[in-house]
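There are 2 protein chains.
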Amino acid sequence: MNKKIPTRIYLSEDELPKFWYNLRADMKNKPDPMLHPGTLKPVTAADLAPVFCNGVIEQELDDTTRLIPIPDAIQDFYRAYRPSPLIRAYYLEKILGTPAEIYYKFEGTNTSGSHKLNSAGPQAYYAKEEGLTSLTTETGAGQWGTAMAMACGFYDLKLIVYMVKISSEQKPYRKALMETYGANLIPSPSNTTESGRKILEGDPDTGGSLGCAISEAIETAVKTDKCRYVLGSVLNHVLLHQTIIGQETKTAMDKYGIKPDIIIGCAGGGSNLGGLMAPFMAEKLAGKSNARFIAVEPASCPSFTRGRYAYDFGDTAKTTPLIRMQTLGSAFVPSANHAGGLRYHGMNTTLSKLYHDGLLEARAEKQTDVFDAAIQFMKVEGILPAPESSHAIKAAIDEALVCKKTGEKKVILFGLSGTGFFDMTAYASYNNKTMSDYIPNDADLERGFASIPGIPQNG
Amino acid sequence: MNKKIPTRIYLSEDELPKFWYNLRADMKNKPDPMLHPGTLKPVTAADLAPVFCNGVIEQELDDTTRLIPIPDAIQDFYRAYRPSPLIRAYYLEKILGTPAEIYYKFEGTNTSGSHKLNSAGPQAYYAKEEGLTSLTTETGAGQWGTAMAMACGFYDLKLIVYMVKISSEQKPYRKALMETYGANLIPSPSNTTESGRKILEGDPDTGGSLGCAISEAIETAVKTDKCRYVLGSVLNHVLLHQTIIGQETKTAMDKYGIKPDIIIGCAGGGSNLGGLMAPFMAEKLAGKSNARFIAVEPASCPSFTRGRYAYDFGDTAKTTPLIRMQTLGSAFVPSANHAGGLRYHGMNTTLSKLYHDGLLEARAEKQTDVFDAAIQFMKVEGILPAPESSHAIKAAIDEALVCKKTGEKKVILFGLSGTGFFDMTAYASYNNKTMSDYIPNDADLERGFASIPGIPQNG
Numbered sequence: 001m002n003k004k005i006p007t008r009i010y011l012s013e014d015e016l017p018k019f020w021y022n023l024r025a026d027m028k029n030k031p032d033p034m035l036h037p038g039t040l041k042p043v044t045a046a047d048l049a050p051v052f053c054n055g056v057i058e059q060e061l062d063d064t065t066r067l068i069p070i071p072d073a074i075q076d077f078y079r080a081y082r083p084s085p086l087i088r089a090y091y092l093e094k095i096l097g098t099p100a101e102i103y104y105k106f107e108g109t110n111t112s113g114s115h116k117l118n119s120a121g122p123q124a125y126y127a128k129e130e131g132l133t134s135l136t137t138e139t140g141a142g143q144w145g146t147a148m149a150m151a152c153g154f155y156d157l158k159l160i161v162y163m164v165k166i167s168s169e170q171k172p173y174r175k176a177l178m179e180t181y182g183a184n185l186i187p188s189p190s191n192t193t194e195s196g197r198k199i200l201e202g203d204p205d206t207g208g209s210l211g212c213a214i215s216e217a218i219e220t221a222v223k224t225d226k227c228r229y230v231l232g233s234v235l236n237h238v239l240l241h242q243t244i245i246g247q248e249t250k251t252a253m254d255k256y257g258i259k260p261d262i263i264i265g266c267a268g269g270g271s272n273l274g275g276l277m278a279p280f281m282a283e284k285l286a287g288k289s290n291a292r293f294i295a296v297e298p299a300s301c302p303s304f305t306r307g308r309y310a311y312d313f314g315d316t317a318k319t320t321p322l323i324r325m326q327t328l329g330s331a332f333v334p335s336a337n338h339a340g341g342l343r344y345h346g347m348n349t350t351l352s353k354l355y356h357d358g359l360l361e362a363r364a365e366k367q368t369d370v371f372d373a374a375i376q377f378m379k380v381e382g383i384l385p386a387p388e389s390s391h392a393i394k395a396a397i398d399e400a401l402v403c404k405k406t407g408e409k410k411v412i413l414f415g416l417s418g419t420g421f422f423d424m425t426a427y428a429s430y431n432n433k434t435m436s437d438y439i440p441n442d443a444d445l446e447r448g449f450a451s452i453p454g455i456p457q458n459g
Numbered sequence: 001m002n003k004k005i006p007t008r009i010y011l012s013e014d015e016l017p018k019f020w021y022n023l024r025a026d027m028k029n030k031p032d033p034m035l036h037p038g039t040l041k042p043v044t045a046a047d048l049a050p051v052f053c054n055g056v057i058e059q060e061l062d063d064t065t066r067l068i069p070i071p072d073a074i075q076d077f078y079r080a081y082r083p084s085p086l087i088r089a090y091y092l093e094k095i096l097g098t099p100a101e102i103y104y105k106f107e108g109t110n111t112s113g114s115h116k117l118n119s120a121g122p123q124a125y126y127a128k129e130e131g132l133t134s135l136t137t138e139t140g141a142g143q144w145g146t147a148m149a150m151a152c153g154f155y156d157l158k159l160i161v162y163m164v165k166i167s168s169e170q171k172p173y174r175k176a177l178m179e180t181y182g183a184n185l186i187p188s189p190s191n192t193t194e195s196g197r198k199i200l201e202g203d204p205d206t207g208g209s210l211g212c213a214i215s216e217a218i219e220t221a222v223k224t225d226k227c228r229y230v231l232g233s234v235l236n237h238v239l240l241h242q243t244i245i246g247q248e249t250k251t252a253m254d255k256y257g258i259k260p261d262i263i264i265g266c267a268g269g270g271s272n273l274g275g276l277m278a279p280f281m282a283e284k285l286a287g288k289s290n291a292r293f294i295a296v297e298p299a300s301c302p303s304f305t306r307g308r309y310a311y312d313f314g315d316t317a318k319t320t321p322l323i324r325m326q327t328l329g330s331a332f333v334p335s336a337n338h339a340g341g342l343r344y345h346g347m348n349t350t351l352s353k354l355y356h357d358g359l360l361e362a363r364a365e366k367q368t369d370v371f372d373a374a375i376q377f378m379k380v381e382g383i384l385p386a387p388e389s390s391h392a393i394k395a396a397i398d399e400a401l402v403c404k405k406t407g408e409k410k411v412i413l414f415g416l417s418g419t420g421f422f423d424m425t426a427y428a429s430y431n432n433k434t435m436s437d438y439i440p441n442d443a444d445l446e447r448g449f450a451s452i453p454g455i456p457q458n459g
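If you read the protein sequences in the order shown, they are chains H and X.
Going by our numbering, the residue at position 138 of the first sequence is 138; the numbering climbs one at a time, nothing skipped.
Going by our numbering, the residue at position 400 of the second sequence is 400; the numbering climbs one at a time, nothing skipped.
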């Protein structure tokens, strides 16, 4: 196992995964089921059918099947932009002067600029297969909306994207990109839905929020013929699709005999980290690995490190099922000075459970520290990272510097989930030293927690 | 040779080129030498030394050495983002319904977004090796400035970029990206140089031009200690560095027994096309290939199809050596409604000579037609192309449609030189149907031709 390790490892096409890996199947202590908010009983496929495509409902509710075949058409779709490279950060290691080996899986080489396309493709495919003609979704920072616009352009489906109004004004190029792929962009809140009109009546000048955009997208999907709603993170079927990332990574590492000691990912809703770490966590659950797993979240939206493990709603209008997760409360909204995504109040249930059970660590980072790390990285590695992904860079650098002190030659793997091409406003504010940090105080958090419904829960 | 051809072919690191290939060495009819404008004698290394680094001067003047070793440090630099993928356009073929096979070499996976980094890296490396501390350059659309900013960030050199003023105002994010890498951006014309002040005196409200920015960058380089000027296209050393593209492509094609019948590239200064086609042209020059080579230029700046083959200056201030090339005259400026790069009045001497001798074809395309092709491409191939690169897409689609009529199963190769992430204003104008075409009329061209000096020339 002394092969020289190339800077970039690409798998060949026949090495690409043919199955998604369902981590929940290997967990003895499974995440709690979603509950119907009226009956407080576990939701059924029938409950979800008016909102989601059948293909993803089946995946969402399945916590026992380990390997779920990737349809041939989706394997074809993946081949249009995958494999993504696994990169050895030789240059970063050198400037840090660390004995650690650092690797990152880079998901930003497709036009959506991030890993989001890995789930957008399957979701559009299932919609098309089921005879639907249109989809709705929401987007904040814009990565998910762009990925869905690409997927719907590919499968010739109509797409309505409710884009948080302040974001659509601040990111006109994100809007233009989605429109170029044929999507219909609606700044949210809008007068196209009851929930939008209600919010506008109360506050005509609001810049909108992700929670409100979700409510509008769901309402439109339910009211439109042959239309469903799609979501780009948080839910388990999204995490399932993202396991393509971790499986490619593990195959590439196995070829070179590399075993990661520390696996790091940024976490907003959790799909990117969950997808990267799934096959490595499988080994830990099987007692075959002592690897550490680290979720890195923004200090401005700390659902792991300062949130509660409780049943909560997925949106501010409280129209979704109840989800047992790490949450800041659906009423929590991070400060507008927080750049990029990772602004969601909750977290994927599988990751929340693993965190609760001590299998997953978490840390929160301030945005100026995150951008410091991004700049250090981009100057030597030649990739402009998304603000989201830069949270993982920050933690990887910190762990590599610990190795520098201790002399340990650990293997660090992190997920570089996307590029920052549409985040130049944030980089410009960093360059101009006008970027600031925001850390919610206890009173801010209490206001969020007050919105969590008091559902009795065990464990 | 019936291996299934994957969608993406990546070379392994040990298959990457160790030499740049100097096409001029294999040309019986070599391009004419650059002339000193005072003496009208071929320029010497000493003539160029105040402006350029010694490393590139040697390469610029060498038209006999076939293979020039790539320094180990530059091979390392290339490994940070290369190999670039050679992609089989299965999806584009399918929607066109063509029997042709279409391949493209995609150079947009690095943060500069284009092939420009292939020359920026070596140029910064030579500067560092020679003990220089700073460099100057100009940028219009911004790809070259970004690439140089990245390379200077990597080699810890100061960089001053004179950015065409109108472009720096229209593309604030390009500016922010270069600044993030540590470059000093100066909108041109500026009051930091004599040539800039002179132009501002005459026209205080001018939006600037590439020619003026070149003059400012050269002036500053010559007047600054331990500083030189770098150029991102047109010159033969730039084309030499870009042969990394063609060599990777040929190695990948040879592995699968693929022989291209038609090789297509967009052409502004010519380095991208020149780099892609060089090793294939070598086979044609050796009588081993009947491949066709097609340069695609914008109808708004048609230096091949409507230019003259003559000695001309490289900049509007007429400070450069005289270059025998296809030219519209250094006073020619394409309309402001032309999006993206490919706005230069002249063309690389090697490509100009090959065109003059009938070995290279050329065609000019209108920008709305080019964007039509870009949209068709991006919806199925998942890559947002640069407006520049989309000229090559347009020609590739046209050639594939010819095959559809004739039934011929030709192999088409084109260069996808970069991404359009910083060209969303242009895409938005296409979406809004406010994009227009500009084709210079004969009087426009005559005004440009009038600026060509009357140097006697043979052949």
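You may find that some hints are simply not true.
[Claimed, not checked] Mimicking DSS-like on lysine-lysine, the simulated pairs with C-alpha atoms at most 30 Å apart in a straight line are: (1) H:94 / X:255; (2) H:4 / X:255; (3) X:4 / H:94; (4) X:4 / H:158; (5) H:4 / H:366; (6) H:128 / X:4.
If you're looking for bench data, these hints aren't it; they were derived computationally from the structure.
Evaluation of the provided hints:
1. H:94 / X:255: violated, 34 Å
2. H:4 / X:255: holds, 22 Å
3. X:4 / H:94: Cα-Cα ~39 Å, so violated.
4. X:4 / H:158: violated, 34 Å
5. H:4 / H:366: Judged against 30 Å, a Cα distance of about 37 Å means the pair is violated.
6. H:128 / X:4: Holds: residue 128 of chain H and residue 4 of chain X sit about 28 Å apart, inside 30 Å.
Violated hints, listed in ascending order, are 1, 3, 4, 5; each of the other numbered hints is respected by the structure.
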